[in-house]
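Residue-level listing of the chains:
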Amino acid sequence: MSEYSVIGKRVHNVDGTEKVTGSAKYTFDVVMPNMLYGKILRSPYPHANILKIDTRRAKRLVGVKAVVTGKDTLGRKQGIWRRFPELCDEEILCRAKVRYIGDAVAAVAAIDEDTAEEALDLIDVEYEPLPAVFDPMDAIKEGAPQIHEGVELNININRHIEWGDVDEAFEKCDHIREDKFKCSSQAHVCMETHDAVASFGHNGKLEAWTSSQSSYYIQRLYADMLDMNESDIRVHNRHTGGGFGSKFELDSAQFCAAILSQKLCRPVKIVLTREEEFTATKRRTPMYYFLKLGAKKDGTMLAKEVRVITEGGAYTAMGATALYLTGFFSSFPYKYPNYRYDGYRVYTNTATTSAMRGFGAPQSTFVGESQLDMMADDLGIDPVELRRKNGMTPNYEVPGQAFIQSCGLHQCLDKIEEHIKKQGKLPPNHGIGVSAYGFMSGGIFNWFNTPYAFSAALVRINIDGKVDVYTGACDMGQGSNTTLSMICAEELGVRLEDVRIFSGDTGICPPDLGAWGSRQTLMSGNAVKRAAAECKQQLIEFAAAKMGANIVYDLDIKDRWVHLVDRPERGVSYFDIVKETIRGKDGVAIMGRGHYTPHRKGMISPAYSFGVQAAEVEVDPETGRYKLVNVTTAHESGTVINPLGIEGQLEGAIMMAGGYGFCEDQPMDEGKILNPSIADYKLIRSLDMPETDILEIDTYEPEGPFGAKEAGEGLTNPTAGAIGNAVYKAVGVRIYDLPITPEKVLKALKEKEKQTKKAKK
Amino acid sequence: MKKELKFKVNGQPYDIFVEPKKLLVEVLRDLVGLTGTKRGCNSSSCGACTVMLNGMAVKSCSVLALQANGAEVVTVEGLATGNKLSPLQKAFLDHGAYQCGFCTPGMLMSSTALLAENPKPTKQQMKEGIDGNICRCTGYNSIIRAVTAVVKGEYKEAK
Amino acid sequence: MKMEGKFTMKAPIQKVWDFLLAPGTLASCIPGAEKMEAIDDKTWEGTVKQKVGPITVKLGFTQTLTEVDPPKHVKAVGRGAAAGGAGTFSQETIVDLTEIAGGEVEVAYSSNVSMVGRLATFGERIMRAKINKIGGQFTQNLQEKLKSELGQ
Amino acid sequence: MIKDFEHFAPKTLKEALALLAKYGDDCKVICGGQSLLILMRQGLVAPKYMVDIKGISELNYIKDEKDGLKIGATTTHRAIEKSPVIKKKYPVLVEMETRLASIQTRNWGTIGGNICHGDPAGDPVPVLIALNATLTVAGAKGKRSMPVENFSLDYFEVDLKDGELLTEIQIPVPPPRTSTVYTKFNIIESDLATVSVAASVTLGSGDGVCQNVRIALGAAAPMAIRAKKAEKVLKGKKITEALLSEAGEVAATETEPISDIAASEEYRRELVKVLVPRMTKEALARAKKA
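Residue numbers (my numbering), protein chains in the order written: chain A, -10 to 750; chain B, 38 to 196; chain C, 1126 to 1277; chain D, 126 to 415.
Only chain A is shown next, with the shape it has when bound in the complex:
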């Protein structure tokens, strides 16, 4: 580690001081001269035709400046799967039909929020309610209401993945298990709700500030929906109050603000209420899982067959990706020689399901790791041992799919085994459950159909030696601005405080696909590293000439010192070299460009990270209530750029993924989410948070910048499975549907008691 002077140091985020002093400005805080406030009217029906919208009364309200409906739009449909026009199915402002409770039908701009809200009550919408369907298992049946015209059986998309000969392999198995599971929904609950300030000038150009994970996507989708040139749209990404997968699609706040602003040539700000955030933004995909797993007596897994039906909600969104990834990650992190996946995403009259941290993998990991423990039980093999026997290893090829270079799964298993042994005999009703996982470092897919490189960066060195990084990457709190600044500083041989970063402003930054799929450390990191390297090369060329060094010597820069690698004492000040290089280049600031697009890395991702988690629970067998006692994670993410950042990602993931296993859910009644507030949507708070321990494993990923890979989403995958397995270890009951509530545990305990009594008789 000591070879690095910046990387591997515990540093606070580059924007930390602003955040702890309250001076960080979020879109939520943006106020502009002449600005209006917008509100959105939403459908109270899960499925209905819009017969008539009368906005006259609303327009007459004093203070209302504009009311728009679908008729004021170009009537285009948008979607993030742009390569497939049939999957671009969301109008945002509905013109003829609403498909879920929360679909937008009109928007108002007024002098303040209260007036805008009052105006919503004055818009008369005549609906013709249509039969609706809420469960994908019903929606897929013959005769179910059709949600999108021409989409048979409401099947939005299906995916198939297969390798080996699954049927033949099952015949050779000594033991086969078939199990059914159900994974629930989950809300992102970003602390800053979706919001946007859109400002059209009289020149017809749009400037927008929005809380987003991908300024480039928002810019491009705006261009699609408004029929504009990308370059006439500038999207700013200020501080972003969390994203977790919810903020890289064009949302109703962004779109409605733009439509209103276009009409008025005044800035319009829309901030979604918390209720809208719960009911009218995207959410995690609920899934029905049907698993078949076959093994030899010795624990060798021969075949796995997976069928999944997902609740798609009203539109495609990123749900198609979740469908694909849940299928791929169902094989993780094991070497199944034979594997088959069939997934169906089904439209329903519910809020759209899409990307959320982990992207289908928390679901597949919960069901897969639960079933694996059941298999271990059946075969009488220790669960850790079973995982070890089948776990992925470095340089493993997932047949026809992916190539895994670095992989520290086995070291993680060893560490977790050690951790469990150290706990010794547990008190009664305690149990430790294990769950292994892997995840990608950015996706290779390009369904967005971008002609640009996946990541790009510009680095500029100014006369004083200070460095500016320009990147389209977006920091939503995960700390990418810090990680990228560190990568730049390390590559250039300067200190972190020498680097200033400009990110997510499409007006000045080269396009980058943004912060999703755990892509920024590896992909944006590589782009920044290359851009910095290009700058460094210019400095070194100049320094070599100036120093008159023998041609056999290599030059490098470390901690602002340009020197001979083999004789580090021989060198010159970085600052001096910068000044002279700029003078020597006719006064042009030193600039470097870098980009990254994965090539020849399979179909999924250029790199994967791995880990194993052990969760300890204490169950009250009389009530089913259990307490999360401790969650210990052994994980590897290649070279650690900022240890403080990784700890934060890990502990934060446990809060979110623990919540997915423990308490978070979105129960519905006829398409209506019953808990659209933080009072009713249960989130883990500080008193509920388990103790967390981290066991760091060293690996090096050749594809990553300085050997780094993802450490963001993968950590969300294991916890629900580990909790389920822990509850089983503690009291011997298995819960097949998330979340694992005390009520379900108690019910299962009573059922078990009944069965035991029966067996005794």
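Simulated from the structure, these hints should not be mistaken for laboratory data. Among the hints, erroneous ones may be present.
[As the list claims (entries may be wrong)] Subject to a maximum C-alpha distance of 30 Å in a straight line, what follows is the list of computed BS3-like cross-link-like pairs (lysine-lysine):
1. B:Lys160 <-> D:Lys207
2. B:Lys160 <-> B:Lys43
3. A:Lys741 <-> D:Lys207
4. D:Lys128 <-> C:Lys1174
5. A:Lys(-2) <-> B:Lys193
6. A:Lys281 <-> A:Lys718
7. D:Lys406 <-> B:Lys45
Being a predicted model, the structure only gives us computed values, none of them experimental.
Chains B, C and D: place on chain A using the hints.
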């Protein structure tokens, strides 16, 4: 009908007229112009709007602005002195006790109020102290570590 | 929200039926019903006032008999909106009469109430509890009215 | 969105009562507002007039008197939680308060406001029932008092007539060898109760016989209730495991729980069956030590 509201924010006296329906958070953000205080929910649940009112942590979205008449309010902007951060602010930085930062002003106000009331809280009391605040990023433990460091006196000279 | 139940009473089926179909019988069983006006022989209009703790809800509503199959089956559909745009609700009540041995009639009812809008979204916990209760009262009223009317 | 209203901030009870008499149904009383403001923000409650009693200092007190504890209605939860005399003599109130919502809410919210909100899942009422507390309300016509268990009438409805205000909570001095305990069951520690149980046990002298017992349940019916039949099972008897378990079973029959997003009706009954014996046993153990 607007009514007079006289109060102090971060030591600065204000004398303004507000509509009775205005919540303290709205007055602080929109009329006083201090946007450090955030709003994250509509149900007094998230704690992002926490400020100190006469030394007590309260959720400023659940207090009528007029109820703060005559009171002293401290917001996150009032924690640092000039460019000198408070011990908790420093500890939050060093322990990575924030990520997206949206809950951070509320977290800081809750922990500041906690330590003002009880300079030596137990771990359980620290957890109780921030239990009214939701953080979706950090998982809370780093916040507890930051508060612990301050309690242990690691930031004493910063005072 | 669905409520179901049945009870039996000793009375000729036609008599039970006639009463059930008498103008306003079903509507007036709604707890808190204040004003009831018959528009025609199948439609009533009225207002309902309900207080749930600090929340006072005033609903204007219309109830229509949509299926009438004498003397066995009747379906009434109600629609309403709360004053102040707080929400709308719809309600569907089905009553089935069956003659059983001994001159008794079994009255089976099911009622489904759904709400949309602000009331439904926000006051979930409060409204749900209350609606359950209103549903219970509705069926109780129906039973009591029938029994008292038919002298039982 | 909150609709605007006229705001009055009376300084005395008398002024407040006069305002209430004047504006009747069109006005609402606000104190800490921790529950009311949520409903107002949601547009469910929109009073024309608001009588803000937060500043009435004559109702803000904790008095330890000969005949018991007196708490003024505008006393904050936090004041109760931090009161040394309550901690010493009525520790169950402190235990209850520390589990009530968050510190921020307790700092501004008041005991009177909580009781008047009439939430069946509220924390104070079951404990006050177990402590045999009395409430006093004042109106234009004078004052009246009632046992706390008679105050709640239905979901979020309490026995306050137009123009009346809750003024005081009185808790009698518990008999010797009495202990009162409280627990609430929920998934998230600081959340509202899925079910809560308060139990108070008074032991007879020396013989270990349960001389008196009061059991109160929260979130198990439209309002906090007393499980009187379950009390009967235990009263005057030497407590055994079998009796405790019977009391739990009986208590479950006294409930009228609903199914909602937090739990089903059946589960709530199961919880009552488990928690009633558990808390009674706990109270018993503490009473023995007292």
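Verification of the supplied hints:
1. Restraint check for lysine 160 (chain B) and lysine 207 (chain D): the C-alpha separation of about 18 Å stays at or below 30 Å, so the hint holds.
2. Taken as a hint, the lysine 160 (chain B) and lysine 43 (chain B) pair is broken in the structure, with Cα atoms around 38 Å apart against an allowance of 30 Å.
3. Restraint check for lysine 741 (chain A) and lysine 207 (chain D): not satisfied, since their Cα atoms lie roughly 45 Å apart, outside the 30 Å limit.
4. As the CA atoms of lysine 128 (chain D) and lysine 1174 (chain C) are separated by approximately 21 Å, the hinted pair is consistent with the 30 Å bound.
5. For the hint linking lysine -2 (chain A) to lysine 193 (chain B), the alpha-carbon distance of about 24 Å falls within 30 Å, and the restraint holds.
6. Pair hint lysine 281 (chain A) plus lysine 718 (chain A) holds up; C-alpha atoms about 22 Å apart against a cutoff of 30 Å.
7. Distance check on the hinted pair: lysine 406 (chain D) and lysine 45 (chain B) sit about 51 Å apart at the alpha-carbon level, beyond 30 Å; violated.
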